[in-house]
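Asks: Chains Z and Y supply the protein sequences, listed in that same order. Quick note on numbering: numbering that gives the first Met the number 0 labels position 64 of the first sequence as 63, and the sequence is numbered without any gaps. Quick note on numbering: numbering that gives the first Met the number 0 labels position 293 of the second sequence as 292, and the sequence is numbered without any gaps.
These aren't lab readings, by the way, just hints derived from the structure by calculation. Take these hints with a grain of salt, some might be off.
Stated by the list, open to error - Pairs of lysine to any residue residues, derived as SDA-like cross-links and limited to a Cα-Cα distance of at most 25 Å, are as follows:
no., chain 1, residue 1, chain 2, residue 2
1, Y, K40, Z, V26
2, Z, K11, Y, V37
3, Z, K58, Y, G258
4, Z, K7, Y, G258
5, Y, K40, Z, R90
6, Y, K83, Z, K7
7, Z, K11, Y, E249
Just so we're clear, the structure is a prediction, and the values are computed from it rather than from any experiment.
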Amino acid sequence: MKIEELRKLREKVREELKLREGVEPRVKIIVSMGTSGIAAGAREVLKALLDEVSKRGLKDVVVLQTGEKGLASAEPLVEVVTPEASVTYGRVTPDVARRIVVEHVINGRILSEYVV
Amino acid sequence: MVKRAHVLVCMGAGCVSAGSELIKEKLEKEIKEKGIDVEVKVIGTGCMGPCEKGPLIMVYPEGALYQKVSLDDVDLIVEEHLLKGRVVRRLLAKEGVKLEEIAAREIPFFAKQEKIVLANCGVIDPENIEEYIAADGYEALAKVLEGMSPEEVISIIEKSGLRGRGGAGFPTGLKWKFVRAAKGSPKYVVCNGDEGDPGAFMDRAVLEGDPHAVLEGMLIAAYAVGAEQGYIYVRAEYPLAIKRLQNAIEQAKKYGFLGKNILDTDFSFDVELRIGAGAFVCGEETALLASIEGRRGMPRSKPPFPATHGLWGKPTLINNVETYANIRHIILKGADWFRSFGTEQSTGTKVFALSGKVKNTGLIEVPMGITLREIVFDIGGGIIDDGKFKAAQIGGPSGGCLTREHLDLPLTYESVKEAGAIIGSGGLIVLDENTCMVELARYFLEFCQLESCGKCIPCRVGTKRMLEILERITQGAGRMEDIQELERLGKWIQQTALCGLGQTAPNPVLSTVRYFKDEYEAHVIDKKCPAKVCVALIRYRILAEKCIGCGRCAKVCPVKAITGEIRKPHVINPEICIKCGECKKACPVNAIIVE
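Take these sequences, add in the hints, and give me the full structure.
Replies: Rendered as structure tokens:
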């Protein structure tokens, strides 16, 4: 292995450790995963979010889950927390989840039609 | 795919013996069954620190630390935390309501620590070289090979003020300079991992939790002194450390960090493991070198020092595990950064194995110059059962004790030495009022006496005579001149023994005589043990006015020393009593006292 190869390898594997650094990420995407959330399809939403975040190589974003939020009728609920604001989306589908990542998290445009 | 959660299971020796391997297996199984194995990753790590609270599990990104996790708790963690995102508060090391409040780094045990050597311990998977690389692993080696001369490397280490972490505290850079300047070839680099102090496990934790850091330190040292072959000497009692080291060496070879033309440069270096057979004296460098050569592990007189006459008579650099683990950080972040921790003369951090009568025991890393009070009361959480701090035994069987008057003393190589102890390799045993200092001194001296290799008379015979005196005192047969005799013998042995083992063996005795002379006198003159520990000097007695005559004490007494009628005060026959203390435990009204 050459020195450049070592550094290239490090760039590749570094992402893995980010999660364990304990520093506050820029964006937190929190999926409500209570019983009603899961029943409404929150798990598929979570998977779509993770897939999109990882596909786009977003380094300052974490996907978290939380319990029941109370607003069962609007499940699955997804909350996006940025330094500027906290926005809660309702009736999120996997497709909407992907749009949240692209539109809101990357481009900073809130998808107002899904905000509860 | 990027995982949304990392579940770190502590695989340090402490947690492994508490069952963490089974817990990890079950976690992996359940996560798979629930179908979340694509989102959640399980990683085995090195020691996380609070060993007594093990098995430990840390879940990221929350940084929630679960303690004393049982197999039955695994369902709950998977179902509640990993599946539904609800932290299992019952198992948390710290109570909190909000997400930011449950992060383990905020709890006092971690808050006052400064992790440099242990930065990767409990965070990365020690069996996966790529995780080490991700954590800037082998970057210091790359930096050195890319454009630093051996002299530049040595100069940075010298400037950093790093001192040998094995106990003696010799300046590391200076040692490297001597080996570089020594004539003769080949030269060797040796890592001393023969950690033998009772209760100490700093090196074990580093070898188990971050083996590549030690290899990288050795590689940089080899480059600096001009060596191509290295040896790591580890004691056979550390099977897990040996396994992880072997694995690390194999991986490092595969990735090209060991062997010929490392990182495509002219530099070549290889490492072999040598397993010690469990003799304490082999931690002494000349004995260790003899053992590597295949001879009986006995020390020889110095000079000549190993720097000029080491393995097979060739110049040899020998440093301790923790010393090597510091190197890569100094190379990457610079000497000034390292000096920003600790004091002028004692720079950087020190790893301690905190044990004894404190609430939180385990492995800690603190900046040099921290006070004993901060270690015992902030990190350690104070004395168990809200007892009173009496002393701390620092430096293992070669060390001494620090007392209440030293609580605010900044711990540095110099200050601790002045107080009659040594920083040593990092053993730190906290003692409360229920510890007999004479018995403690006897225990440590007995250890050294058993481990004496027998080569020189002061150690072989001198420590034996001292031990006999101490045994006599703890058995109530001490004579007035005994205390003086202990001091006289102790000083002789310090001055005349051949190696460090013998020279330091009297330290625990001399230091307890210095600070707790009254306790020795109580044993000798009054034939009393103030801490009520020495069996020959105590007596169990039933207070007639308190005894309700329930008969429970008589029932549990294994030698039938207690007699009495039901509902009437019982009595203990001191002739028969073996002082096991079972009656005291059984008494419902605390009517039994120890005198």
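Asks: Are any of the numbered hints broken by this structure? If so, which, sorted upward?
Replies: 3, 5, 6
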